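With the hints as extra help, turn the sequences into a complete structure.
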Amino acid sequence: MNLPAAEGARKVLDAVKAPDARRAAREFVAQAGRDAAFQLEACVHCGQCADACHFHRATGDARHTPVYKLRPMLKAYQREAAPFASLRKLLGLAPPGLTAQELHQWSELVYDSCNLCGRCTLVCPMGIDIAGLVRRAREGMAAGGFAPADLYKAAQRALDTGSPIGVRWPALKRQIELQEQETGLRVPIDAGGAEYMVVLTSIEIMGFPEAIGALARIFRQAGASWTIPSAGFEATNVGVQMGSREVAAALLARIVEAAERLKVKCVISPECGHAYSALRWEGPDLLGRRYGFDVVQIAELLDRFVREGRLRLRGKDTRRLTFHDPCQLVRRGGITEAPRRLLHGVSANLAEMPGSGAASFCCGGGGGVSAIHRAEPLRFAAFQSKKQQIDATGAEALVTACGNCRNVLEEAIEHYGMTLPVLGLTELVAQYLEPEAPGG
Amino acid sequence: MTAAALLDFARGPALWISLAVLVAGSLWRIAGILRLGGTPELSEPRSTRLLAGAMRGIFGRMVPRAGFRERGALGVWNGYLYHVGLAVIVFGYLPHILFVERLTGLAWPALPGPVVYVTAGLTFVSLFIALMERLTDPVRRLLSGGDDYFSWLVVVLPLATGMIVTQQSYAPGAAPPLDPLPLAVHLLSVELLFLWLPFGKLAHAFLVFASRGVTGAALARKGAPL
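If you read the sequences in order, they're chains A and B.
First residue of the first sequence? That's 3 in the numbering used here, and the numbers climb one at a time after it.
First residue of the second sequence? That's 75 in the numbering used here, and the numbers climb one at a time after it.
Calculated from the structure, these hints are not laboratory results.
Any given hint could be a false lead.
With the Cβ distance kept under 8 Å, some of the chain B side facing chain A (calculated, not the full set) [said to hold, decoys possible]:
(1) L110
(2) G112
(3) E115
(4) G141
(5) G153
(6) R176
(7) R214
(8) L217
(9) D222
(10) L231
(11) A234
(12) V282
(13) A292
Keeping only pairs whose Cα atoms sit at most 16 Å apart, straight-line, the calculated EDC-like set for lysine to aspartate or glutamate is [what the hints assert, rightly or not]:
(14) A:K265 with A:E197
(15) A:K175 with A:E212
(16) A:K13 with A:D162
(17) A:K389 with A:E413
(18) A:K77 with B:E118
(19) A:K267 with B:E118
(20) B:K296 with A:D287
(21) A:K77 with A:E104
(22) B:K296 with A:D296
(23) A:K265 with A:D192
(24) B:K296 with B:E118
(25) A:K19 with A:E212
(26) B:K296 with A:E339
(27) A:K318 with A:E398
(28) A:K318 with A:E429
Quantities reported herein were computed from a predicted structural model and do not represent experimental measurements.
Idealized CB from N, CA, C, for every residue including glycine.
This is the structure in structure tokens:
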């Protein structure tokens, strides 16, 4: 097996020390392959994506129009790689070269005011995957040294410690022990040959450790073997968020190494939207090879267990609940129905938000925005669109399937003086499991 | 050059040269994008029905998506109006059909003249609304550049010159117009559109299929909403 080492990724992070617009431009051009180019060329500047974007809706700033955020990438592409680029240069009609000042200005547009949520992609009449192109544009920005400093720091910490917030194995081990005491169940560590390997996010580990206990109860009732690796347990991938394929690949490689070392059949992507995108969809391309195991998102697995009768639910939550769709699971990941089937199993009073599913608004913190300190006022402003959707339901509690969404929602709810608890789907399902028979 | 000579030029060399540029330029633009190549997707697809996804992407996006129709209604519906209007005028007007028949031998039934005349009027107004929106809406104004405005102009010119031509009374195919100048100018304006189409924003006429198809297939691969 040949997996990327962290050393190469660390070199990429050095870009921040000497930002270089030409390096960014080269990466923009490299990212503009055939499919991206068809889309970059197709825009008719109709502006419909602006109406779909919660950042534009919140600020009314035309610069927050999603497709406008691609302008540096488009300029680099038109100057260097587009059809007729040479002719344009000859006639003096090519766009001017990018400048460092311009890219520093665009950093706020490409990062702070974009969650990569994909609402713009769905509304575009030309079928341009604007969110996918912003993800590509971030590669250029990060390579050139123009990503936010907070993301470079988080990436550095992730490469050094395994976690973007510095959560190491002893901290996870402690949380596991506490959950073992809480549930009376053993959490298997580094169990070779297990059917399922669970990876977690730092947010879950430190903020919502009950998820670990919930998983223990779920796997016990399902009768499935599972494990948590002591190395390669972190699912968060700041490389995907900042737009560095080298960092993303180095972080992913740790999970893949663990899965292959332990010879598991399936890796469970936790309650985290972007971690799912990174592991399930981008990972094999970043590593340049297919996995020797399956990747399943936890909501998909729970849904499968319930439908197979391996999980038995009893009782229902009687509060008025509503579900917040994590963008990377729904619009970018194709998981829309599984969480809803699960929720109908545990909720007696589920109210869908207007536009639930595909048209749901982002919490405002996805795509790395929650990790950018300077973006906090903007994400709280963007939350207003989500707030309208939540308020319309009259819900007494909010459920989601992403730890980052949960964290961001809790902060925004507090910011706006709302009184809504935010629940994790896995924990909610575990709460309504049929009690095990004595001795069972 | 006399008006008759100008008409001969517009019907002859100018037409063939502009058509050649239209075809060659469009093919060049498509080939220039295709040569950039793609990378294989190695993740396990949720669905392998990528062609169906591409088709759904192409045709599904002809209608604004439910749940996203809250704002910008005028721009959306106006867009339909001038696109449909232009199609009615180009493909439904008898002189245009006769023109195509003379070039290719292909013909089809025409729409009644008054229908096309009313459509032309509506389309003309619609295109000016589109321009006004582009100039006054902060988002569209920020996004727009010379290409957008020139593309608008080369669409409006054939419409405007065509409306002038229709003011003359002559039976298509039966006798030449009394004054060949308006027809020559109309043809030349169409040829300007042919010359510009491959290079500017009007190329969305063919790029839209690739863009929608690529995204449709990619989202279908993930089982995500199209």
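The hints, checked one at a time:
no. : hint               : result
1   : L110               : holds (5 Å)
2   : G112               : holds (5 Å)
3   : E115               : holds (6 Å)
4   : G141               : holds (3 Å)
5   : G153               : holds (7 Å)
6   : R176               : violated (32 Å)
7   : R214               : holds (5 Å)
8   : L217               : holds (4 Å)
9   : D222               : holds (6 Å)
10  : L231               : violated (19 Å)
11  : A234               : violated (21 Å)
12  : V282               : holds (5 Å)
13  : A292               : holds (7 Å)
14  : A:K265 with A:E197 : holds (9 Å)
15  : A:K175 with A:E212 : holds (14 Å)
16  : A:K13 with A:D162  : holds (13 Å)
17  : A:K389 with A:E413 : holds (12 Å)
18  : A:K77 with B:E118  : violated (34 Å)
19  : A:K267 with B:E118 : holds (14 Å)
20  : B:K296 with A:D287 : holds (14 Å)
21  : A:K77 with A:E104  : holds (12 Å)
22  : B:K296 with A:D296 : holds (15 Å)
23  : A:K265 with A:D192 : holds (10 Å)
24  : B:K296 with B:E118 : holds (9 Å)
25  : A:K19 with A:E212  : violated (40 Å)
26  : B:K296 with A:E339 : holds (14 Å)
27  : A:K318 with A:E398 : holds (15 Å)
28  : A:K318 with A:E429 : holds (13 Å)
In this structure, the hints that do not hold are numbers 6, 10, 11, 18 and 25, in rising order.
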